[in-house]
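Q: We have chain A already, so just place chain B on it with the hints.
Chains A and B, in that order, give the protein sequences.
In my numbering, each residue's number is its place in the first sequence (first place is 1) plus 637.
In my numbering, each residue's number is its place in the second sequence (first place is 1) plus 637.
You may find that some hints are simply not true.
A pair holds if it fits inside one copy or across any two, identical chains being indistinguishable in the list.
As the list claims (entries may be wrong) - Here are the simulated DSBU-like pairs of lysine-lysine, each with C-alpha atoms no more than 30 Å apart in a straight line:
#1 Lys726 <-> Lys856
#2 Lys791 <-> Lys658
#3 Lys856 <-> Lys995
#4 Lys1001 <-> Lys658
#5 Lys869 <-> Lys995
Derived by calculation from the structure, the hints in this document are not laboratory data.
There are 2 protein chains.
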Amino acid sequence: MPAPLRLGLAGLGTVGIGVVKIVQTHAALLAARTGRPIEIVAVSARDRSRNRDADLSGYAWESDPVALARRSDIDVFVEVMGGHDGAAKDATEAALATGKDVVTANKALLAHHGQALALAAEQAGRIIRFEAAVAGGIPAIKALTEGLAGNRMKRVMGVMNGTCNYILTRMESAGLPYETVFEEARQLGYLEADPNLDVGGIDAGHKLSLLAAIAFGTKVSFDAVELEGIGKISIEDIRLAADMGYRIKLLGVAQMTGRGLEQRMTPCLVPADSPLGQLQGGTNMVVLEGDSVGQIVLRGPGAGQGPTASAVMSDVIDLARGSRIPTFGQPAATLAEATPAASATPAAHYLRMTLLDKPGALAKIATVIGEAGISIDRMHQYGHSDAHAPVLIVTHRAAPQDIAHALSRFAATGVLVGEPVALRIEEI
Amino acid sequence: MPAPLRLGLAGLGTVGIGVVKIVQTHAALLAARTGRPIEIVAVSARDRSRNRDADLSGYAWESDPVALARRSDIDVFVEVMGGHDGAAKDATEAALATGKDVVTANKALLAHHGQALALAAEQAGRIIRFEAAVAGGIPAIKALTEGLAGNRMKRVMGVMNGTCNYILTRMESAGLPYETVFEEARQLGYLEADPNLDVGGIDAGHKLSLLAAIAFGTKVSFDAVELEGIGKISIEDIRLAADMGYRIKLLGVAQMTGRGLEQRMTPCLVPADSPLGQLQGGTNMVVLEGDSVGQIVLRGPGAGQGPTASAVMSDVIDLARGSRIPTFGQPAATLAEATPAASATPAAHYLRMTLLDKPGALAKIATVIGEAGISIDRMHQYGHSDAHAPVLIVTHRAAPQDIAHALSRFAATGVLVGEPVALRIEEI
Chain A
638 MPAPLRLGLA GLGTVGIGVV KIVQTHAALL AARTGRPIEI VAVSARDRSR NRDADLSGYA
698 WESDPVALAR RSDIDVFVEV MGGHDGAAKD ATEAALATGK DVVTANKALL AHHGQALALA
758 AEQAGRIIRF EAAVAGGIPA IKALTEGLAG NRMKRVMGVM NGTCNYILTR MESAGLPYET
818 VFEEARQLGY LEADPNLDVG GIDAGHKLSL LAAIAFGTKV SFDAVELEGI GKISIEDIRL
878 AADMGYRIKL LGVAQMTGRG LEQRMTPCLV PADSPLGQLQ GGTNMVVLEG DSVGQIVLRG
938 PGAGQGPTAS AVMSDVIDLA RGSRIPTFGQ PAATLAEATP AASATPAAHY LRMTLLDKPG
998 ALAKIATVIG EAGISIDRMH QYGHSDAHAP VLIVTHRAAP QDIAHALSRF AATGVLVGEP
1058 VALRIEEI
Chain B
638 MPAPLRLGLA GLGTVGIGVV KIVQTHAALL AARTGRPIEI VAVSARDRSR NRDADLSGYA
698 WESDPVALAR RSDIDVFVEV MGGHDGAAKD ATEAALATGK DVVTANKALL AHHGQALALA
758 AEQAGRIIRF EAAVAGGIPA IKALTEGLAG NRMKRVMGVM NGTCNYILTR MESAGLPYET
818 VFEEARQLGY LEADPNLDVG GIDAGHKLSL LAAIAFGTKV SFDAVELEGI GKISIEDIRL
878 AADMGYRIKL LGVAQMTGRG LEQRMTPCLV PADSPLGQLQ GGTNMVVLEG DSVGQIVLRG
938 PGAGQGPTAS AVMSDVIDLA RGSRIPTFGQ PAATLAEATP AASATPAAHY LRMTLLDKPG
998 ALAKIATVIG EAGISIDRMH QYGHSDAHAP VLIVTHRAAP QDIAHALSRF AATGVLVGEP
1058 VALRIEEI
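For reference, chain A alone in the conformation it holds in the complex (with noise of 0.2 Å):
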């Protein structure tokens, strides 16, 4: 049997511990399948005293993760720690700059210093490897550097925050709130601690920018990222959506166009019946689109402790079996600066508003709605029995820049209440 491959892990939080379970019960089944066999020599967190659930007493303890990640003793270096400065960045340099491949579940370390890492690891012959970091358990990273590696890819998609599903799914099915499903998420644990990485779009955005980066050969361009959150999605958007076949989803899309590279995570609208639209709770979903494969769509658990050391461990086995591909898929030297897209692709959106009851209002926002040069698909005014009418339009096929120009040109009409709501409508 040849030499064992040693693993130095960085992080006992929910994540870590999944690994040493996953090490210590699957032993022999691991060693069978890549021919050596795998051992944790050294750990590190932050309180070594803190009850664990596992034994870690076989294992050499670095209370600084930097010393752990030095360790002449190990191979690899597995960060579980989280956190996109500091010490999680400082132990993954010293990892590589000692001669060890990493293995990281850090999609805000990688969206914010992904490209300097990976020239760093190349320079010292060693690869980072991060399928935990997208998605939790679906092997999404494999599937796109190697799967459909024979493909140009066009368009990358996810559902990738389980959080906003489980908030936008629920509003749906209880009928209530926002603000009343968010509270009820916070006290299940399922936010971060600060909750604007989950529902502002942020962490979904971190993982959508590790896709385009690997999708289309460009360097991680997280701040190119068009983000918005789901805190402005009302209980009202969700059952009109409904009310004509969509759901309203978190939905990260990028795709590279002639006029460059567009990124977003926004909220869209997306057929109900299509697999985007059916995707309940917490489970993500990552959609592949190459010009010769078609569209793959892959669904499975986001997050949890066993799904994410699931995809920790695929790496660490990966590297166990020699696999030496480099962290973007390409050395990173060759990866091209993305040119952002000055403009989204056209689609379809869905305009929701609030028109004073009186004559003509309709025919002004119709007005103003053709002038920014956009034709309207449907439109539809609810029963109301105050003043105050809502309005539901679907438009063909626009130009965002068309519609947001339009919807600046709304207040002037003098019939509008409160302000409109726009959400893209993502042909899929």
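A: Below, chain B without anything else, positioned relative to chain A:
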């Protein structure tokens, strides 16, 4: 730039030409992703004169695929000829014996000779890869062998014959009988020369046996797959199943139990609102269940030039990148004998029958079912205008042998008209 990876391509049908197109149009992309050029050196097909929608003038021509396999100027033998014996087998053996890796789309070959070929490959220090053999463009083999390799797999399932799924969904949507839709499919060119490969479940059974070998670390045992085709599924069954919230699919299921390995490819009922239930037309789906990850669902095109060539190329790219994973995910000599389970896991069953409309008929049937130890979940006698009453029964979970026993005793009741239909309701 390192030396090119040189391919010998045997088979210039739809898939082979798809491979040629990707290699020719994506040369730069492939080199960027693998770090080396990928080149076709020589090709082989039965008829050289046929017009083939691709420029083959740069490739050497071999009329004999075995001669192609033996050429000293190729590194990888790509077999997309088909057939489980004869030339495909001879050429694959010749390729391995002369030191080439093999990429094949040939499920029949591997289902029948997978263990022997995997052993031959390992003795020669070579590997066989077969992503294109299972579920077309879906990277299912990779997801299972690599992406979920940290899991003890519990169950794998799949709808993996697009023609059968086309027939079943078309029967439902158009309200047409099996024979009519079968004839449509034949005229559309959806059926193999021997249609029983499709509608008899053999092709899908081949694929299931390959997934099972990887999932459970057992030798391929296609002969142990319980096979039943879709020829007996009536439009009436499709309608009645839909009434109760189910759809009928030709579903493959492999699971390891305390009683041995279960493998079956049979028509089953699945919930209409599940991902499997919602699968329409020729699209394939593979469901992978592991102890850590839970359930992963993969969906995509199961056939066609682009998708199948995409899968072939993912194997070629892996080889170009230096991947050396054994054929079935671990060395062939370490694969266990698969002991077939003597009996299948209990499941709810759908039973449809026609009874003589006379007093006590239903009671007699219910008595037989009760005496077989089966409890009834729902029973429905449909309205009828003649002397024959259609009856539908959904049982609680029951052992298949108990169901078979009850069916065998129905005739003796003297109240049955024709043959009863019994279908498993798979829990998903």
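Q: Now, for every hint given, state plainly whether the structure supports it.
A: Structure-based check of all given hints:
For the homomeric pair Lys726 and Lys856, the shortest alpha-carbon distance inside one copy (18 Å) is at most 30 Å, but the shortest distance between copies (45 Å) is not. Within a single copy, Lys791 and Lys658 get their C-alpha atoms only as close as 39 Å, which misses the 30 Å cut-off; across copies the closest is 17 Å, which meets it. Taking CA atoms no more than 30 Å apart as the test, Lys856 paired with Lys995 passes in neither setting, with 53 Å inside one copy and 76 Å between copies. With identical chains, the CA atoms of Lys1001 and Lys658 are never at most 30 Å apart, being 64 Å at best within one copy and 54 Å at best between copies.
Taking the shortest Cα distances, Lys869 and Lys995 sit within 30 Å of each other inside one copy (27 Å), while across copies they are farther apart (63 Å).
Of the hints listed earlier, those the structure fails to meet are numbers 3, 4, in rising order.
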